[in-house]
Structure formats: structure tokens, C-alpha cells
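Novice: Under my numbering, the residue at position 61 of the sequence shown is numbered 79, and the numbers go up by one with no gaps.
No lab work stands behind these hints, which were simulated from the structure alone.
Hints are not guaranteed to be accurate.
[Stated by the list, open to error] Distance condition first, Cα-Cα at most 20 angstroms in a straight line; then the derived DMTMM-like pairs of lysine to aspartate or glutamate:
{"no.": "1", "residue 1": "60", "residue 2": "147"}
{"no.": "2", "residue 1": "222", "residue 2": "233"}
{"no.": "3", "residue 1": "222", "residue 2": "147"}
{"no.": "4", "residue 1": "222", "residue 2": "243"}
{"no.": "5", "residue 1": "238", "residue 2": "215"}
{"no.": "6", "residue 1": "60", "residue 2": "184"}
{"no.": "7", "residue 1": "60", "residue 2": "42"}
{"no.": "8", "residue 1": "60", "residue 2": "129"}
{"no.": "9", "residue 1": "60", "residue 2": "76"}
{"no.": "10", "residue 1": "60", "residue 2": "36"}
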Amino acid sequence: MRFALSAEQRDFATSLHDYLAGADTPTAARSWAHGRHEPGRKVLRGLAELGVPALLIDETHGGLGADPVDLVVAFEALGYHAVPGPLVETAAVAPAVPAAQAWWPALASGEALATVVAPPHVPLALDADIADIVLTLRDGEAHEIREARPEPVRSIDPARRLFRVDGATPLTGGRAFDLGVLAVAAQLLGAGQWLLDAAVAYAKQRSQYGRLIGEYQAIKHLLADVATHLELTRPLVHGAAVTGSPQDISAAKVKAGDAAYLAARTALQVHGAIGYTAEHDLGLRLTKVRALAGAWGDGRFHRERVLAR
């Protein structure tokens, strides 16, 4: 499949990167991890002004009526900048639940946030303590949890604050789960690209034995391998957005998870001990990649779904 972003989509990606580069998302993510949401909510309000939560909501409900490719463009940027919050649930999943139409205008404008439980692959709700609507997806149906009593659960990524919730009223779900998977795949791709960029930049400035470490052939090979895997991942993710096939989406999620993990491992090797420190922004992506790789279905589930085609 030959695929290229339109000029409008490239401009959208540039606008998102320009905004997020100046939004101090690392500080927002660290604050979010400690339950201080205002810096992150400020970032989310800016994203709402750029139309991110409105992408998949139709124009009659205050949205943009865009397609999944636009969603992928957005979530690749969100993953690159490690933006916290339930954006997959708000911008990708909730707009695909027709019976949640009453919430669509508020979601599109950024006034409301949604979160989702989709057992067995999404057993915990992200940021349920601040979400305005909690949905649970089961067997292709969605249920709105009207009186959620969230119970916090420890997360490998502190900025992904997870909760157990219960109590539901039947609604209708549709393609919501697959759109959530697609958005996570795009986030992984973006996070992997940031890790590669950070490793390349560090290799160009860190000296060892009188030479920049980026001059060593072994380092060049490691980074080139990551770049190759990410470039192979990108058309899979974009292609899955075009076809909408559950198997294609699962294949994209598997490849994105593998490529992002390779990028994380390589970036940590290149950075050395400094990469382990909580103060370094590398840590935000290391934990994010580890968490997202298992989010919305782990590798085994998605590989089995690909093989079942």
C-alpha cells in the first residue's frame, strides 16, 4: 500500500509538535503522576483548541468529522511528547460509542474527559478519579458507569494513573476497542521516535575515550537498527488507519510495541546510568512504552488475532 499524508495532515502534525514542544509536557506528566492535574489539564485545553478530542466526533455534535488517519497523526505527536491523561479514551474510544452522544459536545470542546474499562484487555480505567464519564466495553457493547467508585491501583508508569471501577448501564460500543488499539499503536510509534531522537542527540554530544560516542560503529549500528524498525512501523500504523481492519490494527500494535521497546532499550544503552534517573526525561518514555505495550491488549492477544484472519 502506498501511503502519504496530505498537506493538511502534515500541517496538523507540525502544529501539534510546535504547541507541545513549548507546553512543558515533562513537568505536566510528573505533576500528573502525583495527582496534581492542573499543569496537565492546561496542556489538554490547548490540545482541545487544536481539535484533538473533536477529531472523530461528527460536526453536528461539535466535532470535526475527521478520519482515523488524522487520529494517528495526533496520537503519534502525543506519544512523542509524553502527554498525560485519558486521551485515548476521550478522543478515540468515546466518540465511537453512539449511545454516548450526549457527551460528545463536551468531549469535543475539551470540557469533559472520558475513561474506559474493556475487560479482559483493559481491566483498569485510566484517570477514573477525574473522568466525567466512565465506559466499560464487553463483547462489542459499551456500558456507562454512572456511579463509579474508583479504587487506585499501582501502575508501572506513574503518569498512567489506573483505577478499578464497577457498576454499569448498557449502551452500544461498535468499533471503539479497535480505535483505542490504533491510538495506542500511534502513541508507541511517537514515543519510539522521541527515544531515537534523544539517543542520536546524546551520541553527538557525549565523549568517551576522547571521541564522541556517536562516532563508534557499534553505536551507529544500534541507532540505525532502531530507525529501520520505526520506519517499517509507520506505514503499518497508517495503513491500519486506512483499512480499519481489526487484524491490520493488531499487526500495527504488535509492531509498534516491538519497535518502541527496541528504541527504549537502545536509548538506555546509549545514555548509560543517567537514563535511569527520575530527573531525566528518558524515564518518562521508558515507563510509558512498557505500559503501553501491554495496554489495550498485549502482544500475545494481538498476534493471535492477526493469525486468525
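Novice: Confirm or reject each hint.
Specialist: Hints, one by one, checked against the model:
Distance check on the hinted pair: residue 60 and residue 147 sit about 17 angstroms apart at the alpha-carbon level, within 20 angstroms; holds. At most 20 angstroms may separate the alpha-carbon atoms for a hinted pair to count; residue 222 and residue 233 meet this at roughly 8 angstroms. Simply put, residue 222 and residue 147 have alpha-carbon atoms about 43 angstroms apart, too far for the 20 angstroms limit, and the pair is violated. The straight-line distance between the Cα atoms of residue 222 and residue 243 is roughly 17 angstroms, inside the 20 angstroms bound, and the hint therefore holds.
Straight-line distance between C-alpha atoms of residue 238 and residue 215 comes to about 13 angstroms, which keeps the hinted pair within the 20 angstroms bound. With a CA separation close to 29 angstroms, the supplied pair residue 60 and residue 184 exceeds the 20 angstroms bound. A distance of roughly 10 angstroms separates the Cα atoms of residue 60 and residue 42; the hinted pair therefore holds under the 20 angstroms criterion. Taking the CA atoms of residue 60 and residue 129, the gap is about 12 angstroms. The hint holds against a cut of 20 angstroms.
With a CA separation close to 25 angstroms, the supplied pair residue 60 and residue 76 exceeds the 20 angstroms bound. Between the alpha carbons of residue 60 and residue 36 the distance comes to roughly 16 angstroms, so the proposed pair stays at or under 20 angstroms and holds.
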